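Combine the two chains into a complex, taking the hints into account.
Protein sequence lines, in the order shown, are assigned to chains A and B.
Read in this note's numbering, the first sequence has 354 at position 265, and its numbers run on one by one without any break.
Read in this note's numbering, the second sequence has 174 at position 149, and its numbers run on one by one without any break.
Source of the hints: derived by calculation from the structure; they are not laboratory data.
Quick caveat: nothing in here was measured; it's all calculated off a predicted structure.
Using N, Cα and C, we set each Cβ at its ideal position, and we do this for glycine too.
You may find that some hints are simply not true.
Simulated restraints on C-beta separations [to be verified]:
hint, chain 1, residue 1, chain 2, residue 2, range
1, B, Leu207, A, Gly100, 47 to 53 Å
2, B, Ser68, A, Arg192, 51 to 57 Å
3, A, Gly179, B, Pro275, 20 to 26 Å
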Amino acid sequence: MQEPTALVVRGVSKRYGPIEALHPLDLEIPNGSVFALLGSNGAGKTTFMKSVLGLVRPDAGKALILGRESSDPRSRRSVRYLPESVRFSGWATPLFVFRQVERIRRESGESDLRDASLRLGCADLLGRPFGKMSQGQIQRSAIAIAASGSPAMLFLDEPSNGLDPEGRILLRNMIRDRAAAGATVILNSHLLGEVEAVCDSAAFLREGRIAASGEIDSLLRYKGVVRIQSHSPGAVIDLLAQAGLVGTPDGPSVVVPVAGERDLRTATSLLAASEVPFTGIQLVRESLEDLFLRIISRQEGGDK
Amino acid sequence: MRTGAFFLNSMEQLARRRLVSAALVIGGLFLAFFALLCHLMASNAGNGLSSPDAALGALFLTLPSAAYLCAAFQFILGSSLLPGEISAGRAGFWAALPVSRLSVFAGFSLSCLACASGVSALLFGGIEAVTGAFFRNSPTDLPLAILAFMAWSCVLWAVVTLLSMSMNRIVAIIICFCGYGLMNFIGGLAQIAGAMPQGGPGPAFRIAGLVSGLIFPSDPPFRAMMYGLMPAGSSMEQFLAFTGAAVRPPVLLTLYSLAWSAAVIWLAWRRFSRQDLK
Chain A
90 MQEPTALVVR
100 GVSKRYGPIE
110 ALHPLDLEIP
120 NGSVFALLGS
130 NGAGKTTFMK
140 SVLGLVRPDA
150 GKALILGRES
160 SDPRSRRSVR
170 YLPESVRFSG
180 WATPLFVFRQ
190 VERIRRESGE
200 SDLRDASLRL
210 GCADLLGRPF
220 GKMSQGQIQR
230 SAIAIAASGS
240 PAMLFLDEPS
250 NGLDPEGRIL
260 LRNMIRDRAA
270 AGATVILNSH
280 LLGEVEAVCD
290 SAAFLREGRI
300 AASGEIDSLL
310 RYKGVVRIQS
320 HSPGAVIDLL
330 AQAGLVGTPD
340 GPSVVVPVAG
350 ERDLRTATSL
360 LAASEVPFTG
370 IQLVRESLED
380 LFLRIISRQE
390 GGDK
Chain B
26 MRTGAFFLNS
36 MEQLARRRLV
46 SAALVIGGLF
56 LAFFALLCHL
66 MASNAGNGLS
76 SPDAALGALF
86 LTLPSAAYLC
96 AAFQFILGSS
106 LLPGEISAGR
116 AGFWAALPVS
126 RLSVFAGFSL
136 SCLACASGVS
146 ALLFGGIEAV
156 TGAFFRNSPT
166 DLPLAILAFM
176 AWSCVLWAVV
186 TLLSMSMNRI
196 VAIIICFCGY
206 GLMNFIGGLA
216 QIAGAMPQGG
226 PGPAFRIAGL
236 VSGLIFPSDP
246 PFRAMMYGLM
256 PAGSSMEQFL
266 AFTGAAVRPP
276 VLLTLYSLAW
286 SAAVIWLAWR
296 RFSRQDLK
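Only chain B is shown next, with the shape it has when bound in the complex (with noise of 0.2 Å):
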């Protein structure tokens, strides 16, 4: 199995890329400015606001923004690695090798996930350390957090990997951006239409919310994510309820967004392995 030496080649390609440095002083740049944005609250502490309310308040209002840079990095990253190889006439190059095409498919679009979770990791895992460096917070959930996020990237990776494959990488990027909004946005109501009263409109996109999270898994497990990071204790939580950052979402949806990625990544390889390499 040379999958290992490809993906140590992928990754030595991705570290070459200027994208990558681009999201990284670009990561660099958002946690710049939460660390101002943590200073300022935390030196307005005193006034009315609990350290707990104040992290709460910081985390919300960043993570969904943090998130949203992720997945366009992912979907950027994940849309030129292995279907740039195979316009570039590379993969055939690579393929043509003592090795099989799974090998090839593993190792390139294993190594697309590790970097876009890697850099991700860093901006949420950079988020959260700063959040309790300036308001000494601790998460609610650590492993839930951690769960739910590597379901969120698999998600997003099987996704954009699949469809950049069927389709013109421009057209895949922004089906899959605006896919992922959409999926968000009806996460969202879904979550205030559960703080309706019963009666109203609330079913019917509670229902929208399961139908959606489903097709295209991707919201459940980050807002699965978005409460296992957010800090306990804080009074503001059940102000928040209506979003759903305070409310224990089921594993099992996080579970299901797991085999999700997996099935669609596995049509992802089934379609280059049948596919003719320039």
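Just chain A, with the same shape it has in the complex (with noise of 0.2 Å):
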């Protein structure tokens, strides 16, 4: 019987000398969703992968994988890693290193292995030394190695390394074959596009703590703006100043930010029912990238 819940983190801490990695980090990842893990350079997004994965050691708390706790090497069957970086031997090929890794975790075949390599664009890769190939090449050759066969998880940090923009879109169709399939995926990213193409929830990761966790639809949607093009912006603001909503001008339109679905409803049937002519109406959904603006600058300013 599957899991409902691919991965629990109950109170994973990792401290480095002076310092904390990760504080006593709590989450919950559903089986089948993809899932990223976002912050800035050094938030603990590696260290948090690693810990889960028992690679690095954590201070206090426990990981359960697919049901296991993650210091049983059973908890591991059917998942699957790519490392940040990780450094094959010149004279290997992607070939020879999928046979070692094989030998080990007999889950999948070298058809498994060709299958992967031609979603990635990487299958007259297979027999070449990964020393005679590029930085995309690797990378892609490496994704193939993970990815091949029908993983249940996979552990992915930062995939796009390297890849050109083809490489990214196979990538992208790639992790949404393996979700359709019923795998769950959890990504560390800095691309946010790819990270927002791909990704039904996310946690933003600050200076080893989650800052904001949950599906990326509900985070954007509530963190929402209002654009209303409108040739008397004035107008717009006056009326809509009467809700308590703040709008601000911008050229031929008015960007008012709205806390949820009940502020735009206010807004539309205000404007509905006056006299003040606006041509439209919009919701701005925030990029994944302002969302991770805000809540970094909203760290940064000690709004906790």
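Below is the structure:
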């Protein structure tokens, strides 16, 4: 029977000397989701991923992967990990590394590797030594090795590193395919556009703490902005002020931050009932980048 | 237990390493020169040099230098395999597989021991075979030589594994090699002291030899191996007694070396098991 929660983290913390890399963290990631860990450099994303996988020894807390404690090697059955940086021997080929990996995990065959390589556009590289590949080719091959077969969980640490635009699109498609097949994907990335395109939920890490987490859609909607196009922005601002909404002129339009759907409904009903001319109203969803910057600046401003 | 799979993986990797092929080539050249030496000695065997004496002379000249070559290979290989996997980020890649850290550690480090011991065994075995072919001699105590060889290999493997996981690789190699040389020197001094008359500096050197053998027991098993491989019945034995090569060493020291290796490798494992992997 499949566990409803792919990953449960309870109080995991890690300190490197004087630096508290992870404050006690609690997190649950449902099965089948594509989850992003976001944060600035040094926020603790990689440490978190490695702590969960047992590569970094946490000072406290525990993690359950697919219902098993992560200290139990069996918890990593059907779990794949792509490190942020791994240097394969220059003479080794992707096929050689895959055979070595499969000698241990015994979960997929060479046809699975060929299939994953085809999807990532690196099928012709399987027999080429890593020493004769570009960084992007190495990354594509490493992703193919990690994602081959039918993993139940994928931990991808900065998988877009070194990939060209085509590679990023293929990676995005691969993640979607794996998610559609029921796999849980946990992704560390700085490329927020990529994350927004494939992830359904995210956690923002800042200085080892979770600053915000949840479904991306709900996070973005909650902090939305309405843009009202009008030749009389001043009239629009005055009208909205009656409902306590603060509009800011922006050329031939007014930008109004809304705290939720209720504010949005209020603004539209006020405009519809009034004589104030407007040519359009558009709910401007924040980009993930906006959200990221806001969360980071909120934390820096001490608003916790 | 996937240790076997890791061991095979690691051996596959070692088979492709230039370091291993270079060691085999150097070992082959060493044996070729040794065969030439034996040929020259055998040609002169009629000039008052008996076969056992010639064999003993050849082995006495060759085994220590072969041991230094093997130790250097062991130190370089041992310091590069697992520490290399850790620094390249591959240890984390392997440890994220459904396998215990013990399997990762055991697979990589045992393959290192097997490879280094295999190359050393080929060299020592080759030396013994060449000597046997030219001088028809047989070793004094082959089982003891094999046991001592294993203990000697284990000591070198354990110390380089621990040190290379605790410090910079080059520093670890230098410390291991200098330590090995020093212990060998002190061991030699202790043997010479043993042949000195009572009342001289003998006892002090013997105590120094014993203490150094307890701290880093690479010398006692090496001397036991030398004793086991030397030909029996040589008239030169008594002249070489001071080197320890012709004195049967206590087996207890060899067994102590094995126990010491087990303790040191346990410390290395403990360090690896608690290490944060890249």
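Tested hints:
1. Judged by the Cβ atoms, the range 47 to 53 Å given for Leu207 (chain B) and Gly100 (chain A) holds: they are separated by roughly 49 Å.
2. At roughly 52 Å, the beta-carbon separation of Ser68 (chain B) and Arg192 (chain A) lies within the given 51 to 57 Å, and the hint holds.
3. About 48 Å separates the C-beta atoms of Gly179 (chain A) and Pro275 (chain B), a value inconsistent with the hinted range of 20 to 26 Å.
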